[in-house]
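Colleague: Chain by chain, the residues:
2 protein chains.
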Amino acid sequence: MRDFSTDHRWLSINTATVRAQWKLDRIIQECARRGIRAISPWRDQVAAVGLDRIAKLLRETGIELSGYCRGGMFPASTAEGRKTAIDDNRRAIDEAKTLEAPCLVLVVGGLPGALQGQLESKDIRAARADVQDGIGAILDHAKSVGMPLAIEPLHPMYAADRACVNTMAHANALCDELGSGLGIAVDAYHVWWDPDLEREIERAGGSSPSRLFAYHICDWLVPTTDLLTDRGMMGDGVIDLPMLRAWMERAGFRGMHEVEIFSANNWWKRDPDEVLMTVKARHREAS
Amino acid sequence: MRDFSTDHRWLSINTATVRAQWKLDRIIQECARRGIRAISPWRDQVAAVGLDRIAKLLRETGIELSGYCRGGMFPASTAEGRKTAIDDNRRAIDEAKTLEAPCLVLVVGGLPGALQGQLESKDIRAARADVQDGIGAILDHAKSVGMPLAIEPLHPMYAADRACVNTMAHANALCDELGSGLGIAVDAYHVWWDPDLEREIERAGGSSPSRLFAYHICDWLVPTTDLLTDRGMMGDGVIDLPMLRAWMERAGFRGMHEVEIFSANNWWKRDPDEVLMTVKARHREAS
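Line order of the protein sequences matches chains A and B. The first sequence begins at 1 in the numbering used here and counts up one residue at a time. The second sequence begins at 1 in the numbering used here and counts up one residue at a time.
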């Protein structure tokens, strides 16, 4: 077991965690100042500052990426909609490459129109087929530029509007089907409840090469007051994070621990200094 | 396929659907008046009127039960806590028998103390073991009085505080392990997202005897604004209910369609006449 008590070598900040307080250039500078060596930024945050400016800032500060958020959103009810999604994913792959990300995270999408409040289909099997086809359509480009794609299974409560891949088993099956260049982003918040989790992490890590491309952490609060923006700081909820980390490490994972906390009424309202200080402490003590 | 356009023979009202408006004796009378021939009442609603009075009312009106809500809540961090749960489940079995319910629905419980806001353990595997042991401990009594037990897999968003059995596969595995007298309550709201759903319904129905003890319906809204009390009326959400019903029927299910809608800000605030009228119409048109 690595010793997390003395350094933060394995800590990465998903930049959604302080997105309410700071723009991305500031987040990078503040992480550098605190010895946090990695982040995972979102496309809209990058666009707000400028891709080249962010790439330059990363080089200057030595901050690495643990992933790039995000591609996906493949299902659509028309061929044109599916093509638009594929084109957008190709651009996301290129951006990820410019930023030297180790992977592009895929939030695969749900039922067409659901997220926009204009449901176009209730056929979740068709949506899942669109996801497989969509990943298949971008995988060659991703491999040609050397950008691994990481499917992030989302909690089943997002099956309708954000991602119809909701288990590690489903993500592993897609990797079986589509082959190399594709792996999984394991987010504790989304998968902690799964009775097959340990086995499916082993399956992903035991593949050759390993499919364990990313590991995201935060905590599940009881009660959870909002489906999207009430995630907890590590240690404040019910997830046995040290056990999950042990499973990841036993399966060979040696990557970053990316802290991703959406928290409209708590952490997004606090002083970002306090947020990052707490993240560092809880990463050490409670994950 | 049965014809639902001409009668409501297969409609049952889970009495939580109008619990904010009417007490249970009134619900029974109102259902009888409308030709709704079945309900599924909750223990607290029965207790509020009196078990014997409800049993008498059911006989007088000819209203049947499609299930009795509910037993379960097995996990505890002490032997005393686990025994208390088992004793309470035995009483629930006896009440279900008095009311001539076709099954006692089990909401199995989550992490000890989580629902009470006093988390005592993060060990979900231990909670799952408590569930298996707890059901095992009451099954003989249930069989001796002839009361089938129906495990209700709850949506994974309730894994921490309400039920750590969250998939049909897990419920089927418990049935495999514990044997006859045990089956499953399939609730569309909880399981609609599951990529293995069709297969696991087939597995449950194909067992001898069938494990398909109950079928609950409502709809998943996008957005869902509350984890517990924002369920939708059939047709207002994203679930392909006709497809689920077809899977149930193909697997041999011939029981009631129990409508169970928790809706603090919508249906619980409406005139219960309108709620039941809408339930009847949507049962016919959208499920």
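Quick caveat, the hints were computed from the structure, so don't treat them as lab data. Be aware that a few hints might be false.
For lysine-lysine, the following DSS-like pairs were computed, each having C-alpha atoms within a straight-line distance of at most 30 Å [unchecked claim]: (1) B:K56 <-> A:K122; (2) B:K56 <-> B:K23; (3) B:K23 <-> A:K122; (4) B:K269 <-> B:K280.
Pair by pair, the computed Cβ-Cβ distance ranges are [claimed, not checked]: (5) A:R91 <-> B:D273: 24 to 30 Å; (6) B:D88 <-> A:A126: 57 to 63 Å; (7) A:S210 <-> B:G179: 50 to 56 Å; (8) B:T229 <-> A:E285: 32 to 38 Å; (9) A:D52 <-> B:A286: 50 to 56 Å; (10) B:D271 <-> A:G117: 25 to 31 Å; (11) A:D94 <-> B:E202: 42 to 48 Å; (12) B:S210 <-> A:T84: 41 to 47 Å; (13) A:D176 <-> B:E285: 39 to 45 Å.
Beta carbons are placed, not taken as given, at the ideal position from N, Cα and C, and that holds for glycine.
Colleague: Within 32 to 38 Å or not, the Cβ separation of T229 (chain B) and E285 (chain A)?
Modeller: 35 Å, holds
Colleague: Does 42 to 48 Å hold as the CB distance between D94 (chain A) and E202 (chain B), or does it fail?
Modeller: Holds, at about 44 Å.
Colleague: Taking 25 to 31 Å as the stated bounds, is the beta-carbon spacing between D271 (chain B) and G117 (chain A) within them?
Modeller: For G117 (chain A) against D271 (chain B), whose Cβ atoms are near 27 Å apart, the range 25 to 31 Å holds.
Colleague: Taking 24 to 30 Å as the hint, is the beta-carbon distance of R91 (chain A) and D273 (chain B) inside that range?
Modeller: 54 Å, violated
Colleague: Kindly confirm whether 50 to 56 Å is satisfied by the beta carbon distance between D52 (chain A) and A286 (chain B).
Modeller: 52 Å, holds
Colleague: Range hint 41 to 47 Å: satisfied by the CB atoms of S210 (chain B) and T84 (chain A)?
Modeller: 46 Å, holds
Colleague: Does the hinted range 39 to 45 Å hold for D176 (chain A) and E285 (chain B) at CB?
Modeller: 40 Å, holds
Colleague: Taking only the CA atoms, is the gap from K56 (chain B) to K23 (chain B) under or equal to 30 Å?
Modeller: 16 Å, holds
Colleague: Going straight from one Cα to the other, do K56 (chain B) and K122 (chain A) come out at no more than 30 Å?
Modeller: 43 Å, violated
Colleague: If I claimed the Cβ atoms of S210 (chain A) and G179 (chain B) lie 50 to 56 Å apart, would that claim hold in this structure?
Modeller: Cβ of S210 (chain A) to Cβ of G179 (chain B): about 40 Å, so the range 50 to 56 Å is violated.
Colleague: Take the C-alpha atoms of K269 (chain B) and K280 (chain B), compute the straight-line distance between them, and say whether it is at most 30 Å.
Modeller: This hinted pair holds, its Cα atoms lying about 18 Å apart.
Colleague: Take the C-beta atom of D88 (chain B) and the C-beta atom of A126 (chain A), compute their distance, and say whether it sits inside 57 to 63 Å.
Modeller: 45 Å, violated
When the structure is compared with the earlier hints, violations turn up for hints 1, 3, 5, 6 and 7 and for no others.
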